[in-house]
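Chains A and B supply the protein sequences, listed in that same order.
Count the first sequence with UniProt numbering and you get residues 1 to 184, in order.
Count the second sequence with UniProt numbering and you get residues 1 to 184, in order.
If you are wondering where the hints come from, they were derived from the structure by calculation, not from laboratory data.
Among the hints, a few may not be true.
A pair holds if it fits inside one copy or across any two, identical chains being indistinguishable in the list.
Said to hold, decoys possible - Only pairs whose alpha carbons sit at most 20 Å apart, straight line, appear in this in silico EDC-like list of lysine to aspartate or glutamate:
{"id": "1", "residue 1": "Lys102", "residue 2": "Glu150"}
{"id": "2", "residue 1": "Lys153", "residue 2": "Asp106"}
{"id": "3", "residue 1": "Lys153", "residue 2": "Glu110"}
{"id": "4", "residue 1": "Lys153", "residue 2": "Asp133"}
{"id": "5", "residue 1": "Lys27", "residue 2": "Glu39"}
{"id": "6", "residue 1": "Lys153", "residue 2": "Asp112"}
{"id": "7", "residue 1": "Lys37", "residue 2": "Glu99"}
Number of protein chains: 2
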Amino acid sequence: MAARVFNERGYDGTSMEDLARALGVTKSAIYHHVTGKTELLRRSLDLAMDALFAVTREEASTTGPAVDRLEHVLRGSVRVLVEELPHVTLLLRVRGNTEVEKRALDRRREFDHLIADLVREGAAEGDIRPDVDPAVAARLLFGMVNSIAEWYKPDRGLDSSEIADTLARIAFAGLSVSRTHLAE
Amino acid sequence: MAARVFNERGYDGTSMEDLARALGVTKSAIYHHVTGKTELLRRSLDLAMDALFAVTREEASTTGPAVDRLEHVLRGSVRVLVEELPHVTLLLRVRGNTEVEKRALDRRREFDHLIADLVREGAAEGDIRPDVDPAVAARLLFGMVNSIAEWYKPDRGLDSSEIADTLARIAFAGLSVSRTHLAE
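Same shape as in the complex, but just chain A (with noise of 0.2 Å):
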């Protein structure tokens, strides 16, 4: 899969000539296909996208109270992160060198901010503590949700629903026992 060449070998260091060896095709099977490497980039990166806002369309992540949509929609992007590791990961490293790059970081910005809009009116609605920043919390939760691509090995057996239940759990509960606030 192109996705995962990139991020071994990085978008730029990667050849159509790379990819057809590592896909095992001529390079003119590819072409057939695609125009080229821009085209294989932005599909994953669309591939990626569109999956998170799609869980942002679930019943369950626009029904409800805020803090349990904002509960689904991190579950719903810990489920598309393991099920879609190597476009996530290649999202994920994109800097915004070109068209396609831009388009997608301009894609995230906008996750971003629904997941602070579901911050701010689960405050509103007095569910989520009001002394957090909506845009840091939310940065801070998908700080958690994306480092998953950093560290998650498909093969050692934890599944995407039990990172989801210990997320959750951090997000919404704390790892205190004890402590449902903190002294300043």
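With chain A held as given, fit chain B onto it using these hints.
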């Protein structure tokens, strides 16, 4: 600063000429101080890891309940990340392609183990919820910390202690006002 140039252009994509231009000196002036690009990378990665390990040796990281020591290390790591942003950013992008990078990854792994041990001790002491895998929790916590390198803008007036407060609130008390334990 070399780390900044490496982050902008990618380490592989940076020549000694690029560095000299960015630093406003001649190449030979750089060679007067270091043997080459590799040494600049090594110094940067060492600086970042030394600063993180220094936090773990502070008194508040070595005495008292594990949950408090964990909080101290997390807050200190946020501070290091913000203060040494270019060096830590470089560290977080290392993929282990060279000996210098492999050594940095080994030190990061050692640091991760230290954090997982604190979570484990905190659970044994009854202060940290026992239903989280310490290794997964450690990685998620540092997912939050490390994400700061992706989104923190020094010029936007958010200081490291505010980020540390939000991070500690999420990590220990959770975002939810009402829930202290999550239903399965």
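For each hint, the structure was consulted:
1. Taking CA atoms no more than 20 Å apart as the test, lysine 102 paired with glutamate 150 passes between copies only; the shortest distance there is 15 Å, against 22 Å inside one copy.
2. With identical chains, the CA atoms of lysine 153 and aspartate 106 are at most 20 Å apart between copies only, with a shortest distance of 17 Å across copies and 28 Å within one.
3. For the identical chains of this complex, lysine 153 and glutamate 110 are inter-copy neighbours only, at 18 Å across copies versus 29 Å inside a copy, given an alpha-carbon limit of 20 Å.
4. In this assembly of identical chains, lysine 153 and aspartate 133 lie within 20 Å of each other by CA distance solely across copies; the values are 15 Å between and 32 Å within a copy.
5. Taking identical chains as interchangeable, the C-alpha atoms of lysine 27 and glutamate 39 lie at most 20 Å apart only when both belong to the same chain, with a minimum of 14 Å there against 39 Å between chains.
6. For the homomeric pair lysine 153 and aspartate 112, the shortest alpha-carbon distance between copies (16 Å) is at most 20 Å, but the shortest distance inside one copy (26 Å) is not.
7. For the identical chains of this complex, lysine 37 and glutamate 99 are intra-copy neighbours only, at 13 Å inside a copy versus 31 Å across copies, given an alpha-carbon limit of 20 Å.
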